[in-house]
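Asker: One-letter residues, chain by chain:
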Amino acid sequence: MKEVKTLSELQRLFLDSILSKNMSLAYFLGVLYMMVESKTIKDTTIKGLKFVSTVFIINILGWLLNSILPEYYDPINPAIFFLTTLLGIILLKYWGELDGEWFGLPRYILIIGPLFGSQLLIQSGNYSYPGMIVVNSAYVVGSFILFVLVASIKEEILVSDASPVFKSYSTILAAIAMLALGVIGFQLI
Amino acid sequence: MDKNLTILEKVLLMGLLPLLGGTNNLSQAIIMAFSAILISIIIKYISESFTLEYDYKWYILFGLGITLSYIFYIAIVNVFPTSEMYVNIYLLLLGVTPLIYIGASATEHHFFDYQKDFFLLMIMVGALREVLGSGTIFAFQLTRPGYPPFGFVKDFPGAFLIVSIIYLIVELTRKNKVKNNKQDEGSENLV
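Those protein sequences? They're chains A and B, same order as listed. Under the working numbering, the first residue of the first sequence carries the number 1, and numbering increases by one thereafter. Under the working numbering, the first residue of the second sequence carries the number 190, and numbering increases by one thereafter.
Think of the hints as simulated: they come from the structure by calculation, not from any bench. Backbone N, C-alpha and C define an ideal beta-carbon position, used for all residues, glycine too. Keep in mind that a hint or two might mislead.
[To be verified] With beta-carbon atoms standing in for the labels, derived distance ranges:
no.	chain 1	residue 1	chain 2	residue 2	range
1	B	Glu237	A	Lys93	22 to 28 Å
2	B	Ile249	A	Asp74	34 to 40 Å
3	B	Ile235	A	Arg12	29 to 35 Å
4	B	Glu242	A	Asp74	44 to 50 Å
5	B	Ala328	A	Arg12	31 to 37 Å
6	A	Asp161	B	Lys192	16 to 22 Å
7	B	His299	A	Ser8	53 to 59 Å
Looking at chain A on its own, in the form it has when it is part of the complex (with noise of 0.2 Å):
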């Protein structure tokens, strides 16, 4: 387990965590999530608060199954992290959210993606307990502000007298990749 001594490397991680290493926006994970599920800023916010309350408490609870199984148990890592991952669905579930479906598929499968991943993100980063609440809650944090953020571009693009082409998902890419380009360059100063 990597161990984190000093508070300036966990500011360290927890800097890298919520701008260039950010499960949203450099592994992609809940961008979709967040591009079709966010609606009005009020709404969006009330939803981005269910969404990472729910990644920081399946993260948790991934990381302890993980670190309690021996070490001979890591290939069964993955059925582990699904089972927490259904887990989170309900809890979701449960606030009333992801309820329908989307293109015939039903709606939960949007919130797997991030459950499962940052899991395994986590995992991968082998981190001990005092790190793993640094990334988790940098994590949590930094999907926050870009699900907050995709909701406002989403809402200015649709009220906005722009050609209807551009009153799309592109656009909301678009911004997020000038964002993440403003991150990069964050990173280099």
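Fit chain B to the supplied structure of chain A, relying on the hints for placement.
Answerer: Chain B alone, transformed into the frame defined by chain A:
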């Protein structure tokens, strides 16, 4: 935004994760595309034999999808050790990509059109990112070594940018088509 989308637009949305993450270069894009299509076909035929209740059916299918992508991940690394450098976490994440479950959807038909469009998009994004981001194609150097045309394209901002440009081109083509169809209809009415 989700209304009246064409198959190509749906593929861009449903396959967004491998399109963004599994296209650092052309070889990786081809491995990802083939794996995704094979997993989709297996899921399609298995789902046809299911008679379970709605939620249970989908939970089992998602478990199956993740298992299959894990098997592919291990198999590719072990059977083709030289391809290990082209395999990343996104191969394991194919199991969470909505597109591979399209064969089990009750409302979406044209299964093979979805797979064909996905394969073409993966090739296109992979080739563009390799040429622009690294100045190579299949690792063959096209530009002066160390001077790629747009180095940032091989990183995550480039992935978003390339996919957004392709999405925009798809949208523009579609709008033109609608316009053309309307003009055709108009001219037929005039006649």
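Asker: Of the numbered hints stated earlier in the document, which are not met by this structure?
Answerer: 2, 3 and 4
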